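Asks: Could you slot chain B onto chain A? The hints should help.
Quick note, the sequences are listed as chains A and B, same order.
So the first sequence is residues -19 to 785, counted in this note's numbering.
So the second sequence is residues 27 to 125, counted in this note's numbering.
Label-pair restraints from in silico Cβ distances:
no., chain 1, residue 1, chain 2, residue 2, range
1, B, Gly47, A, Thr622, 12 to 22 Å
2, B, Ala38, A, Thr622, 27 to 37 Å
3, A, Thr622, B, Val116, 18 to 28 Å
4, A, Thr664, B, Ile54, 13 to 23 Å
Some chain A residues near chain B, calculated using beta-carbon distances under 7 Å:
no., residue
5, Val644
6, Pro649
7, Ala652
8, Leu653
9, Leu656
10, Thr660
Please keep in mind that the hints were generated in silico from the structure rather than gathered at the bench.
The structure presented is a predicted model; accordingly, all values stated were derived computationally and were not measured.
Note that CB positions come from ideal geometry on N, CA and C, so glycine has one too.
Residues per chain are reported as follows:
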Amino acid sequence: MTFIHFAIILPLIAAFLIAIIHKYVKGIHLGWFVLPIPFIIVSYLFTLIPTIRNGDTLLLNLNFMPRIGMNYDVYIDGLGLLFAILISGIGTLVVLYSIGYLSQKEKLLNFYIYLLLFMTAMLGVVLLDNVLMLYLFWELTSISSFLLIAFWTTKERSTYGAQKSMLITMFGGFMMLGGFLLLSNLTGTFSIREMISASDQVTGIGAGTLAVVLVLLGAFTKSAQFPFYVWLPDAMEAPTPVSAYLHSATMVKAGLYLVARFTPVFMLSTTWVWTILIVGLITLCWASFNAFIKDDLKAVLAFSTVSQLGLIMSLLGISGLAVVRGANEQIFTVAVVAAVFHIINHATFKGALFMVTGIIDHQTGTRSIKKLGGLMTIMPITFTMALVTSLSMAGIPPFNGFLSKEMFLEAMFEISNANFSALASVGFLFPLLAIVGSIFTFLYSAKIVMQIFLGEETKETPKEPKEASALLLISPAILSLLVVVFGLFPNLLTKSIIDPAAMSIINAVEPLNTKISHWHGFNSPALWATIVIIVVGAALYYFRDTWIFIYKYIKDKFTINYLYDQGLHYITIYSNRFTRMLMTGFLRTYMVYIFGFLVILGFVTMLRTGLNLDFSNLAPIGIQDMILVGVILIALGIIMITKSRMVSIIMLGAVGFSMALFFVFFRAPDLALTQLAIETVTTTLFLVCFYHLPKQSKLPEKRKFKLTNFIVAVGVGAVSILIGLSAFSNRLFESISQYHIDHVYDLAAGKNMVNVILVDFRGYDTVFETLVFGIAGIGIYVLMRLTINNRKDDKNEERAEESRL
Amino acid sequence: MNLFLNIVFIIAIVGMAIAMGIASYRIIRGPTLHDKIVALDAFGVMLMATIGIFSVLLDTSYLIVVIMLIGMLGAVGTIAMAKFLEKGWVIDIDRDSDE
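Isolated chain A (complex conformation):
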């Protein structure tokens, strides 16, 4: 148990301590006590950078459930460390921000416990090497996210959003578990590193492709890729620190982490790379297209997050594609580095943007773009941060978004030139989609800056706007500063973080020595693409009134949200209907189900295994047996066709007594005795019931003849007969009764073998059968007494009422 093992569960332990602190310390904002925890973790993680930088990795084993291979093995390489630093670093800033954002009146204890739970879960997802543990923490992120989205439980939209995100991410999580189990079946291990070394066993077979699809479902639902992005805009009902932390910087990147982590495992599978690349690009375009029209600032940012995640996803797809198709190493490296770099950049500028949104919401009381305007002079610091981060998001130099966007476009152009046989004719689509997506990114980034901070001042805001307190401003300020620093000096990051992370994604051994430069020369198509994006974007923004009408053609009915809502609605309706159709409430229907299934099962089994009937062992049949069988058959026939209940009862008695006679003929005197006595009692009881039946149903009722019942009854009879015959024909072993015959006297001192078996050889059965009788007797007594007592109570009540009157 090293500190890093401890660090993962440190937030969880802190969650317990926080509850105690909350009980005894009032007056101080609870967030101050939470703040040191992510700070300790991030400080510790920074000390690991030199190790990782040298190309080393850390593997720290700790057995948790070794029998099933579920171990708490921490594996730290560039990728894991990058994500862990993002999680704990932004976590620190978000906690700091939430101190200013949430007032003491909120349920702070709940908030911080959920947040710490989430932090543990996220650290576990990115740092653990075992897929089962990864899944465990993965689900923990879903659960804590669910709790955080529904933080204001009284709001209907919150619970709706929480339910939606829960359903979608849980669905993906289960699929992912299936993929992991398939993978571990194929490779024989639960450890991701060992899966990577056994990756040649995964590709090229059907189960491997299925595993690809299942793992990708997990990643796509979590990372809000098309068409599973629908939960993310609805998750914006969460408090803004939560949106900033979970739904922009960390949790939605868990899917990206998963894809990056499993790229070496699946790299040789074409399904994997094409799915990622295409889904990523579609997500990028569709979400950025939708983001422009939204009025709610957080909705814009949510769609923006979705589109940026699509961008990173498509870059990860190219990383794999290069290996599959054997393209040159250069694209490969560029795409991986771009993906890693954009993960960092997106976390910084999107986190800051969400916090800025929160500040605007906090200071003006609204997030609606239509109500806001002209905040530049009122909130200059917020404006500066929003400007820097929006420009970075749009991909304008000199901020960090420009650099990664540039690399993204470069990779897309390379892919279109690479001339793969399958996509020689459609290769131009990739850069085209990328450019279209980037134009819309530019558009909504411009919209955020222009329509909120510029233009004329609005007086409609619920609160009088003024600049926020330092506590709120400090976290987005740090992030904005990082945006600028990473933009101006990108090579600060390359050696320490980006290269190790990129190396672990592509499983490379040699150092990459990446150099990120601002200037690629005039030959670079990415430069011209950027110029096109800016010019076209600016023109489109300026003339937006002329083309905005195209959004009207997207009716609500064509959105995936509509599909989701209708799906949920109809699933409820049809499952209700199905249940009502099956569960009629009539016992006879259920009997038909049970016996019908028995008949089908019996016949299917017989058809599959074949019947083996053997009549060589039969005893001779005497005249008396035939007569008795005749009597029983006649009695049964009368029971079935008679219209009188009395006749049925008598005939049932006749069957019972005939059985007793059978026992006589087959030399079973004990059975005959018991059968006679029991049959008499049973018939009497039937007559008692008959006597007490209400008058109206005494009338002889014509039985409804039902063909189904008849068929099922005949089927059950046939199955029982056939099973009996085949069981008789296939005796595998000698009966053990010879032992009883031999030892009934010398072991048990009795001559009546039946009785000796009942009370001596197998006395336990007798004990519990006696118990059954006792319970039945007590049950009957209780039933009758309870009825009587109730009647008395009723009478007492009636009397009491009468006396009151």
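Replies: Relative to the frame of chain A, chain B by itself:
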């Protein structure tokens, strides 16, 4: 057991069977309930006789208990049904009860 006895027993069983058949006819067809009860009682007695003959044929003495049980059940059953016809119930309910 010699052939003669065997034939006698078989004739006896056949005779019993015929008698039981006739009694069954009365049980099913008896014009009144009283006829049916008397026929049932006779049927029980004949059943005892049949089992007796069978126990000789099967060469066993264990079935005597069965014969006695049928005798008892037949007697109790006939009395119970007679009481039912007479009073309308079989077991007397507590006399203090007002029901």
